[in-house]
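Number of protein chains: 2
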Amino acid sequence: MAKKKAARSSKARPAKKAAGKGAARAATRRAPVETAESLGKKQRDISVSEFFLKNRHLLGFDNPRRALLTTVKEAVDNALDACEEAGVLPEVSVDIEQTGDTRFRVSVTDNGPGVVRNQIPQIFAKLLYGSKFHRLRMSRGQQGIGISAAGMYGQLTTGSSTRIYSKVGRTAHCIEVQVDTRRNKPTILKDEPIDWRPEFYPSRDGKPGKAIVARRGTCVSIEMEAAYVRGKQSVDEYLKQCAIANPHLQSYYRVRLITNGKDDEVPKKTGKKKAAAPEAPAPDVGWSFFERVSKQLPDQPNEIKPHPHGVELGTLAQILKDSTARTLRSALAQDFSRVSSQTAQKICEAAKLNPKANPTRIAHQESEALYRAINATKLMRPPTDCLAPIGEDQLLLGLKKEINADFYTAITRPPAVYRGNPFQIEVGLAYAKPGENEDLNADNPVRLMRYANRVPLLYMGGACAITKGCTDVNWKAYGLSQPRGAPPVGPMVIMVHIASVWVPFTSESKEAVAHYPEIIREIVYGLQECGRRLAVYLSRRKREEEVERKRNYMVLYIPHLALGLKQILKLSDRQEKAVVKNLNQMLERTHLET
Amino acid sequence: MAKKKAARSSKARPAKKAAGKGAARAATRRAPVETAESLGKKQRDISVSEFFLKNRHLLGFDNPRRALLTTVKEAVDNALDACEEAGVLPEVSVDIEQTGDTRFRVSVTDNGPGVVRNQIPQIFAKLLYGSKFHRLRMSRGQQGIGISAAGMYGQLTTGSSTRIYSKVGRTAHCIEVQVDTRRNKPTILKDEPIDWRPEFYPSRDGKPGKAIVARRGTCVSIEMEAAYVRGKQSVDEYLKQCAIANPHLQSYYRVRLITNGKDDEVPKKTGKKKAAAPEAPAPDVGWSFFERVSKQLPDQPNEIKPHPHGVELGTLAQILKDSTARTLRSALAQDFSRVSSQTAQKICEAAKLNPKANPTRIAHQESEALYRAINATKLMRPPTDCLAPIGEDQLLLGLKKEINADFYTAITRPPAVYRGNPFQIEVGLAYAKPGENEDLNADNPVRLMRYANRVPLLYMGGACAITKGCTDVNWKAYGLSQPRGAPPVGPMVIMVHIASVWVPFTSESKEAVAHYPEIIREIVYGLQECGRRLAVYLSRRKREEEVERKRNYMVLYIPHLALGLKQILKLSDRQEKAVVKNLNQMLERTHLET
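As you go down the protein sequences, you meet chains A and B in turn. Everything in the first sequence is counted per the working numbering, starting at 929 for the first residue and increasing by one. Everything in the second sequence is counted per the working numbering, starting at 929 for the first residue and increasing by one.
Be a bit skeptical, because a hint or two may be false.
As the list claims (entries may be wrong) - Derived coverage of chain B by chain A (criterion: at least 3 residues anywhere in the stretch with Cβ under 8 Å from a Cβ of chain A; other residues may be distant):
1) 971–985
2) 1055–1064
3) 1385–1397
4) 1470–1482
Keep in mind that the hints were calculated from the coordinates and are not lab data. Just so you know, even glycine gets a beta-carbon here, dropped at the ideal spot from N, CA and C.
For reference, chain A alone in the conformation it holds in the complex (with noise of 0.2 Å):
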């Protein structure tokens, strides 16, 4: 305590000065010259929330608009993943209301587990706090800060609180958090019971259907600053891209934008109510409504070890260190992956360490011999089955869907590993006949849709692997323009989905993968195979409308050639006719040979 007072005193120091005296001749005047001992007494902890706080900008909160898709990106994640690992099939409803100028209140509500009482707090209102960044496993949040840090926005821009409702077994709970910043730990400003389930509203036709109540789910309420835009970065293509993603997903949307007369960016999906007051707001009223095409939850993905060929120095010492084994070669088949315990013994062999050592002393002292070993024993890839990718069926259902094109293809690649993590990459391709789909321009870049596990990622494509990846592809051997060192030119949308039990995304706001070369190479040769595929199609289509040129060049010359034959022959009318209708016939015998 004494040292943080310190540390204040002598940090007001300068501002005092300048406050106090003219400010322009505060500006000449130099700031103290530092010793050894007035350095050490400023430093001071910085709390993880103080750090995102100050660079919200890492999470996705760099401006409104960006701000209010973080938001429900974060829930929905959130949602699908506890939906999927409790078996349910997802309903989530994405519920954005305007309550001032440049304020808007989110809610996010699912049919999932719920969420116990005492983790709540931890979970909605704690950086750094959550389930899934220990284990090895394929799930869509993996840091356990997204929707800490969305309410810790809210908190920053209106000094709200996020609100939890949740139902778990027979009771609700009703709770409002805010990230005490400090400490990074949450503050408790509202804890009750209360009667509460989800509610869901499918419409159809424009009017509300019969109302969905689920048994048990969570809804999560968040109220900041931001700007609701539509276009490419908009909650409306997150939620269609996911729909795409996610075939098993059903949702439910509505934006309410306050209506002051001169305001004509009202969606549609106001429904008839206008200047809508926000405190009683009708519940089913207009809800779009994203309907589930496909009832079969994503096969869950196994939780594995950590393969060993993956696997630093510095963390194969931390996990001897942390093994429950009482030996070494136990500790080598337990606690990774793709060890049997033949294998452990040769790798102590080859280490020349005694396999009935005690892992904790290995640890200190030896860890580099067995690391040595480890990587130069051969050892099985490892498990994919932590792996669920979309698959080449539900990836073309999902194109087809959403995309009107002409030529379909998609393929899923075998997993590969980077770093020790298995990853698997899929890629889908739509093209359109030029001028037939008015969203494809065939003068433009061809349009690039990101995925990581299953979650569209719609911001800093230029830092992504995938675009890398798209523009290292030579797509003029595949007969596509494509402008050097830029992603090809042509009616055509990409699709490229990256599934990992890690990915590695450039920042905190996860938009954005690392340009791991495996990854790439990965990439781009799923992009290839698709590419050879188009190749075949675009040659194709290029002869037969060759073809079909030729073939109606002739058709001209067909009643001129049966009128010559006529009059050199002699021929009847009817004869005539017989000709050309030979002639035809010949004409599209040959086209179908071609």
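With the hints as your guide, set chain B onto chain A.
The following block gives chain B in isolation, referenced to the frame of chain A:
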């Protein structure tokens, strides 16, 4: 503890299955279905060290080559900050020594004030700890992560610890620390007094000069997996660019690679020593030397209080809560910049709050009214003595020293503000005559050198606001060619420096500036100003070339003209010579007049 155990045992289950029975069978088995309770038990704290260990690409440790640069960068930045704050002209040595195929030891020594002994473990082995985060003042470091992260990376890849020598006053200490990543706390492995002084070895004409021995200083030494590669993103380039922006810095640099016959990668810096035994290298051999060109330390910027207009509602409440002032009025005047007692009074009146109210009470209840009143009040812009730009003269000096060109210009923009943080943009430009500088090809994109708070940024150029600004400028208007959406093309170097109390980097590795519109705008203005000067130069050069061409053309005719006149007018040879001379003089006069 009980919670942790439960989480671990339930985690272990699926993996046991996979290991015990055939993996093929396990692959088809689904993970167990979760409930709110089982999910709740898996929730855990994530330490910030664990987080960054897994996300080490965020800190700039994604590949061995970059890891080396990042480590040098963090250590040199800290050294320069410490020297400048203590008012010492900096001497910094960077010693890179290969210790294995892919292992290097990086040691950075400075003549700064040193670090007091009890702060060493936390500064060098605890993430989010430092003196620069909580103050508003331009400095190279700002996060309290960098050097600890470098040590953590060394520990992860080699198991070794960070070694620090520090001399403060009479005593020197040698301390070895590691990061306890589970708890984000330092573990001290060695701590003993030592007889040590920082020594620097200037070299002249390849021969070691007289050693410079400093009275105080720090040396940090880290062993890590790394790769030494020269080029645009190398340590060599970093130090060179560093010397441009820091003319007061004297730096020393050596790289000692393991030589094994076939290795031709050894730089000449290793001198005549062959296969130097890493245990006892001669201390004075092999240094290259960047001599200081200015003995003037940059102005030491002052620390400022936050400006009210850049403070969000939540932060305002937090500041009021933490205030030591007794009344709202004095809290406003004391804890913010540019708020006098009178202005504070006005703000209170506008917000209809009692100026004598307790600030803590206001924080809880009426901060929103206050927030609005503040934002409706006109205030002076934040003070800018917290910034220390390089200055136009020094910029030109640096460019002229390093870049061989024909035209140089530089400007320092007036300070501006983003999110309440003052910042200042400086732009320098050097244009070489095509073909006169080998490094600058007239057909390639211009070379863009990016700086933030005097630190060169070598990675992630694509994601940087500086690149964006450079691309946004219409360079065609200034006589350069520019592909659509790309930087201009030409034999030119553009240098852009942003100085700010808080540079908004796109990631913790601090290699790219985030896209704040205010920042991009200032960069564009700066570039346009330089561009206009370039246009004047280019059009003058073009005109000169044109005149020159015409002149040469006419010079060709003068003898023939004289000959003609001689024949017509029957002139003597002497008269003919006089005519040639007169015509030449006339031509030169015209040339001078244009």
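These are the hints, each one checked on the structure:
1. Note: the stretch 971–985 of chain B has 12 residues with beta-carbon separation from chain A under 8 Å; the three-residue rule is met and the coverage holds.
2. Coverage of the stretch 1055–1064 of chain B by chain A holds [criterion: at least 3 residues with CB-CB distance below 8 Å; count 7].
3. Interface restraint, the stretch 1385–1397 of chain B with chain A: holds (3 residues with C-beta to C-beta distance below 8 Å; minimum three).
4. Look at the stretch 1470–1482 of chain B against chain A: 0 of its residues bring a Cβ nearer than 8 Å to a Cβ of that chain, fewer than three, so the hint is violated.
When held up to the earlier numbered hints, the structure conflicts with hint 4 and nothing else.
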